[in-house]
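Enquirer: Please build the complete structure, drawing on both the sequences and the hints.
So the working numbering is basically just the index in the sequence shown, starting at one, shifted up by 853.
No wet-lab data here; the hints were simulated from the structure.
Treat the numbers as computed from the prediction; the structure is a model and nothing was measured.
No residue lacks a Cβ here, since even glycine has one placed at the ideal position from N, Cα and C.
Warning: the hint list may mix true and false statements.
What the hints assert, rightly or not - FRET-style restraints, in silico, Cβ to Cβ:
1. D889 x A996: 37 to 45 Å
2. E1014 x T985: 15 to 23 Å
3. L919 x Q892: 17 to 25 Å
4. P1028 x H978: 40 to 48 Å
5. G975 x D897: 27 to 35 Å
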Amino acid sequence: MKTGTVGSLRWAVAWVCVTFTRGLSPEEVLARYGADPDQARLLDWDTASDLLSGDEEVSLLRAGRLGEWTFCVEEDGVIGSLERPLAELSRETETYSMVTTDGIDVFQYWRDGDCVENFELGVEHTRPELITPWWDRVEAALAAHDGEDAGMAPVVAVVAEHLGIALDDATLARPWPSLTLSRHDGRSATLGDTYAGEGPVPPGTVVIL
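Expert: See the structure below:
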C-alpha cells in the first residue's frame, strides 16, 4: 500500500462510518439504511455537510456507485455499523463496514444477511477464532502507518484496493446523492442496543431487535 494513497483519504481519518455494498444502486443502499431515497439531493461534500444540525441522533449519508460497488459514507453517525442495517445491506449480496469513533474502531464483513467477520482494530481478544482473511490484512495496513494519525484511512485503502475502486478525497467531494437520517426514522427506529448505547456492535455481542 502506498503512503500517498492513505494521504488522499483525509475523510477517513476522523470519526466516520463507511460501507461498500456490491451490485446495488445508491438509491437501494439508502433505502436499506432505512432512508427514503426520494429525499436525496445531488450535493457536493461541502454543501451536504451544511445539512447537519448538530443533533447526535442525525447522520449525513452520501452514497454513490463506483464500478460494481456502492459506497455510503456517513458523517456524525454509526448507522452503517449496526446489525439490522448491515443485514439489510448484505441481503443477497455482500457488504464491508468500517467505523471509527472516539471510543471504538470496528471492521465488519457481511454476506447475504450474515456477519462473516467482525473485530475491533488492534484488540487481540476480538480476533475471530476461525482463520479469516481480513484480520491479518487490516493489522498489516495499520502497522504500516503506526505512529501516524491515520484513523481508518489505512483500512479503507486496503479494502478499496481489494474491491478495485478508489474513494479518495477528490472523488468524495463530487456531487453524490445525499440526505440526513435519524436513527429514529422509519426502519431505523428499532435498531436495538449498541456499544455504550451509541457505537457499533462489539464482536460477539448479541443484539435484540
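Enquirer: Now tell me, hint by hint, if it's right for this structure.
Expert: Hint-by-hint comparison with the structure:
The given range of 37 to 45 Å is respected by D889 and A996, whose C-beta atoms sit roughly 42 Å from each other. Separation of E1014 from T985 is about 18 Å and conforms to the stated range, judged on CB atoms against 15 to 23 Å. Distance hint check for L919 and Q892: the Cβ-Cβ separation is about 22 Å, which falls inside the suggested range of 17 to 25 Å. In this structure the supplied range 40 to 48 Å holds for P1028 paired with H978, their Cβ-Cβ distance being about 43 Å.
Hint check: G975 to D897, Cβ distance near 34 Å, so the stated range 27 to 35 Å holds.
Consistency note: the structure conflicts with none of the earlier hints.
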